[in-house]
Amino acid sequence: MVLAKVVGEVVATVKHPHLAAQKLLLVHVITPEGGATGRVMIAVDTVQAGEGDMVLVNDEGNGAAQVLRRPRGAVRTVIVGVVDEVARE
Amino acid sequence: MLFARVIGTVVSTRKVASFRGQRLLLLQPTTSAGRDTGRPLVAVDLVSAAPGQPVFYVRAREAGMALPDTDNPADAAIVGIVDQVREEPL
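These protein sequence lines map, in sequence, to chains V and B.
The first sequence begins at 3 in the working numbering and counts up by one.
The second sequence begins at -16 in the working numbering and counts up by one.
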């Protein structure tokens, strides 16, 4: 999983059935310090994350299927947690 | 899932059986703002996208899982057409 920040959303009327009724958020992968990496992905939100939230993003299909409680499908990028704090030793 | 723009079509008559009936499109990966980034790739089209359209696609094993017959060798599949992107600065 990677740390990312929710920076927006994507509206798509035509999408794969596996993405039906899913909220698609734009997430920018960040460094532990909150810096930009330039890596932006579209993720399915499973934790009601909001814009500006630091989140935990899983980018692998098996984990995605598990949190979405369905057989493996076309979804691999999912937001699986809202991060309260990152402490670096 | 990642952003791309459809830049062409790919015709392949002789192909693996699991690709029969599937449409192949040429994609140029882009940033969320639509700027080109990286090399073009071929993806299976599952949303009837047209050349010039901004789309998003999924890579790796999940691309194959997007097809009706999941026993196939796809490593990229178009799974949505972008209507609108709203993005705030980081």
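To be clear, the hints were calculated from the coordinates, so they are not data collected in a lab.
Predicted model, so just to flag it, every value in this text is computed and none were measured.
Please note that the accuracy of each hint is not assured.
[What the hints assert, rightly or not] Negatives, chain V to chain B, calculated, CB over 12 Å:
(1) K7
(2) V13
(3) H18
(4) I32
(5) Q50
(6) E62
(7) V82
(8) V85
[Said to hold, decoys possible] With beta-carbon atoms standing in for the labels, derived distance ranges:
(9) B/D19 x V/V85: 26 to 34 Å
(10) B/G21 x V/E62: 16 to 24 Å
(11) B/P51 x V/E35: 43 to 51 Å
(12) V/A89 x B/T(-4): 29 to 37 Å
(13) V/N64 x B/G35: 33 to 41 Å
(14) B/K(-2) x V/L70: 26 to 34 Å
(15) B/R6 x V/K25: 21 to 29 Å
(16) V/A89 x B/V(-1): 43 to 51 Å
(17) B/S1 x V/G36: 42 to 50 Å
(18) V/G54 x B/V(-1): 21 to 29 Å
(19) V/P73 x B/V(-6): 29 to 37 Å
(20) V/A89 x B/V(-7): 28 to 36 Å
Virtual Cβ for every residue (Gly too), placed ideally from N, Cα, C.
Okay, the hints, checked on the actual structure:
| no. | hint | result |
| --- | --- | --- |
| 1 | K7 | violated (6 Å) |
| 2 | V13 | violated (4 Å) |
| 3 | H18 | violated (4 Å) |
| 4 | I32 | violated (7 Å) |
| 5 | Q50 | holds (18 Å) |
| 6 | E62 | violated (9 Å) |
| 7 | V82 | holds (15 Å) |
| 8 | V85 | holds (15 Å) |
| 9 | B/D19 x V/V85: 26 to 34 Å | holds (32 Å) |
| 10 | B/G21 x V/E62: 16 to 24 Å | holds (21 Å) |
| 11 | B/P51 x V/E35: 43 to 51 Å | holds (44 Å) |
| 12 | V/A89 x B/T(-4): 29 to 37 Å | violated (58 Å) |
| 13 | V/N64 x B/G35: 33 to 41 Å | holds (35 Å) |
| 14 | B/K(-2) x V/L70: 26 to 34 Å | holds (31 Å) |
| 15 | B/R6 x V/K25: 21 to 29 Å | holds (27 Å) |
| 16 | V/A89 x B/V(-1): 43 to 51 Å | holds (50 Å) |
| 17 | B/S1 x V/G36: 42 to 50 Å | holds (44 Å) |
| 18 | V/G54 x B/V(-1): 21 to 29 Å | violated (45 Å) |
| 19 | V/P73 x B/V(-6): 29 to 37 Å | holds (32 Å) |
| 20 | V/A89 x B/V(-7): 28 to 36 Å | violated (49 Å) |
The structure does not agree with the numbered hints 1, 2, 3, 4, 6, 12, 18, 20 stated previously, though it agrees with the rest.
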